[in-house]
Amino acid sequence: MTTAVDLPTNIPTPPVKTSLMRRIVRRPIGVVSLGILIVVGIIAVIGPYIAPYDPNKASLQLVLAPPSAAHPLGADSAGRDVLSRLLVATQVSVVAALLALVTALLIGVISGLIAGYFKGWFDSVSAWFTSLVMALPGIVVLLAVRAVVGPSVWIAMFTFGILLAPAYYRLVYAAVTAVRSELYVDAAKVSGLGDGRIISRHILSVVRAPIIIQSAIIAGIAIAIQSGLEFLGLGDTSVPTWGGMLSDGFANIYKEPLLMLWPALAIGITSIALTLLANVMRDALERTVLVRRRRRRAVATATGSIAAVTTSIGAVTGSLDVDAASAPVIRHDDDVRAAARAGDTILQVRDLHVGYGQDDGSTLEVVHGVSLDIRKGEVHGLIGESGSGKTQTAFAVLGLLPRGGHITGGSIDFEGVRLDQASEKDYTAIRGRRIGYIPQEPMSNLDPSFTIGSQLVEPLRKSLGLSKKDATDKALSLLERVGIPNPKRTFAAYPHEVSGGMAQRVLIAGAVSTDPDLIIADEPTTALDVTVQAEVLDLLRDLQAERHMALLLVTHNFGVVADLCDRVSVMQQGLIVETGPVRAIFGHAEHPYTRSLLGAILDEGPARPPLGTLLTKGGAR
Amino acid sequence: MSAPLLEVTDLVVEYPGKGFRAKPFQALKGVSIDIQPGETVGLVGESGSGKTTLGRAVLGLAPVTGGSITYDGKEIGHLSRSQRRALSSEIQVVFQDPYSSLNPSMTIEQILIEPLTVRGVASGEARQRVATLLEQVGLPVDARSRLPREFSGGQRQRVAIARALALDPKLIVCDEPVSALDLSTQARVLDLFIEIQERTGVAYLFISHDLAVVRHISHRVAVMYHGEIVESGEGDQVTARPQHPYTQRLFMAAPVPDPDQQEERRVARRALMTTTVEG
Amino acid sequence: MLPFVLRRIASGIVMLFVISFVAYTLLYLSGGDIARRILGQNASQDVVAQKAAELGLDRPLLTQYFDWLTSALTGDFGRSWFTGQLVSASLSSRLAVTLSLVIGTTIVAAIVSVVLGVLAARRGGWIDAVVQFVAVIGFAIPGFLIALVLVLVFAINLGWFKATGYTPFATSPSGWVASVTLPIIALAIGAIASVAQQVRGSVLDALSRDYVRTLRSRGLSTNRVVYKHVLRNAGGPALAVLAVQFVGLLSGAVIVEQIFALPGMGQLSVQATSSGDIPVVMGVVIIFAIIVIVVNLLIDLAQAALNPKVRLS
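Residue numbers (full-length UniProt numbering), protein chains in the order written: chain R, 1 to 621; chain B, 1 to 279; chain X, 1 to 313.
Just chain R, same shape as in the assembly:
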């Protein structure tokens, strides 16, 4: 029994862990900016030793001297050698920036970890302290400190480090709070890991990369502020700094504008290199996080996400052999009940292909030629497991495929209109008025910033051209129709003030509000509790009977299919494998996949006997 039946035969093996560093040097911008920073770093270390002159030695003959062989960058307003000053200043400026950085890093990271992980009073105190520090413009605090303790680069930068600490604190705090609620941290606690181990293994590894990125940004800010202070003439004039040199150049901007160039270049290039490096690191990191997040959403919503499809495609390419793809769809003839509902076809899908453009320019196909007929007034179930392409098919009909998705082949005919060729403008006349949509997740499908009423009234006015009063009346009567106890109150409420079941009723009201002929319902009850699901299914059935609209019901639940559908199509890996009246599918399914799905249903199985009986049985054996 422990054979790994759900194990794909060929798991693609992406590089296990590529270090951040390696990902940076793979990009040209990363290499260049890292190179610049290394050069600046080397100069910072050896600058004072290679400086040709004493940076503070003034000479009257050399005042504002232009570049010469002896003084390649000329001399400043006091006749001091610019090159020597620049070399020595690099050390001062870099060390000053590092001092601010390390101070901020230590305070911010440690307090962020403690507050985020343990919460409690420390959390409240540090949150308050953070908003206090952020309520003051940094430079004003630095000026105040300068007024008190006099000119000192080091004290100024230490103070600035404290002021910058919230940047780390907020970052670490947010990351820790997010990680803390992850189930793997709970699992680690249950496994007996102590707090120290959990922080070092599970939490530090998550915040490490963002901290490095933040440090690049903070270093840039520290350099800017430090040179800004020196530029204002508030620094220690005995020490050469980039800002001080810039100030000297600015004072002589009319006489010798070139003097400004060198310190400005030093500040500008270092800052740009730091920012670019941070950007490259963020890009490298976000790409992996994005993939992760997409996959998680794929499981959370089980629909609408390409990632789920991608994973399953990766997993099944081996088993999706040619004859499976070209095998004909098994079609069951109409039984008496299905024939009774047989009207004209309202939606005709032929050989539909849907693909997603990939980064490398190729197209990943997720629907491989689906054909589907929906008759007027029938409920048609589209059933399949996650990644089967059922939701993609539904979105393709609505013209609402997620970014990057498009129809790559086949046709969709809706009462004579070719939807596969329809423009955005053509669709505006069709969506809402002719085809409605009921989504899966009730909460995320209502705009949190607008009242429920306004979200119902807006489409009514827009697509039916009703007056505000008429639209409001209609919305209220719809809310009453879908079984909302107090329509007026719900009309005025915001989405977060109603329950999930109520929100789903609101969405159903919205979908039927414009009297469409076809409704596409994408897993309309999956997110609901089972008792609420039963009520919503009743509502859907009544509305469908009342308004004689066709319903395309996308679901993975055979119970829902049995409850509502007249006919069913079974999807597997982007193809329809079997289609027919609901009783034929449940009664005598022919396709092995349909059969295996039906076989996996637990409902009919026997209950497990109580423990005692099992033991006696074992004893008797």
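It should be emphasised that the hints constitute simulated quantities derived from the structure, not laboratory data.
Simulated pairs of lysine-lysine, BS3-like, Cα-Cα distance not exceeding 30 Å:
hint	chain 1	residue 1	chain 2	residue 2
1	R	Lys189	B	Lys23
2	R	Lys474	X	Lys309
3	R	Lys469	X	Lys309
4	R	Lys468	R	Lys488
Quantities reported herein were computed from a predicted structural model and do not represent experimental measurements.
Given the structure of chain R, go ahead and fit chains B and X onto it with the hints provided.
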């Protein structure tokens, strides 16, 4: 019957209310339940019923306000973190979401070795143990060097089960472990749970919203509603012939995967709803 | 809504008290022997003691602070130790300059950022690339460096603007525009870099939300959904970044005022700092703190107007 492995008596769990002077929220209002060694007790309820809170309280992840939880005769409701750590080889967990329950940046081997090293198992022995565990849950040995994202939901759930088994626990709290899985995967993972139980004699507190799933795996079943247990008994009785009106509603609400039977059930449910409304 | 506003105002007032107390303690206590610093090294011990008594420096700290606070509440921040001018008088004459600079920059930055951010998010392609590039450069280069370049190019080389000096709006509106244009550009580039990037990100995020698809499924055009629903939901995070940028702008203004020789708060605070004129420094700190607290309160109110969850909780 022998002494229960786990006994929960009149358990109350309260969470502080949000905002100043807000009333605390009572997630569990005096819940009693017991589990024998080697037994599966299914816990059914809808969202907000408190079923997950009960599981977390047993795991020491939810604050116990009142009542008691005894494991193997010892009170474990109010242990300190370090006392709790000693229990890690006794009580383990498998969570619902197979994506968030495995650290995405750790390899399968690192995930499985973690609980072993905490226990001081030597690294050679631990590696040996990882191989056995992977085999037990039906994963190939070369899975050890891979990251969770390379696996499907069902496979991740197998990794989570292997981690729970690493320390040979006597009780595993399973919090909706198959809810995020596809139908066919769900059946196979459930069978794996049963197979492991029959081989190792581990007991399960099996939490689910799905009566069919609970019926398949549980010896006994308890039904929760608004922080209380409204009905409990043998699996077959509770899941097929429920007594309490809420369980009956729950039972009737789940659609049967058969059009004709479902039609009958629908009629029966509507009849039940009218009688309960009138009564 | 009202309790929310009152709570925010109360916490702002508390914060102001704390800032003033901490600033007072640090400035007046750790400044060493203030009377001697005013009178110079040659003054005799008696004269110094007399000066200290005159300034009230011989009393306990709390008494001194309480005195300062009660006069500050009536708008009296004392007199400059060196010029003898009323601190409140010099502050108020300079506040207008700094505020016109900072508010002007905020308005310019907000408008440009929204346009650029929305365009970049919706059109993608080269507009997006340009916005990204501007964002990186604007973020990386310190504002005062940009200011220096602007002075060099537009004032000195091209002569389009005056390099220095300030014309009040009341004297000549066009003169005012000419005197603040370069400083505002210098300050705005950095702010635009951050805010436009945030607008782009939050619009992209809002566009990928499920409710956008649902609203479109009801027959609303994409443009309508973007301008009514997406922008409103993207506004919150963008405002938060704008608030942070505003505090940064006050810092930036201190340096930029110096470069363009604008007689604002920045210039005043630099002078007071280098001479150790504590009452003036104290006044500057308090005024800046008040501005930031008021702006944060306004931003919070705007957030509440945009987001019902904030408003109703």
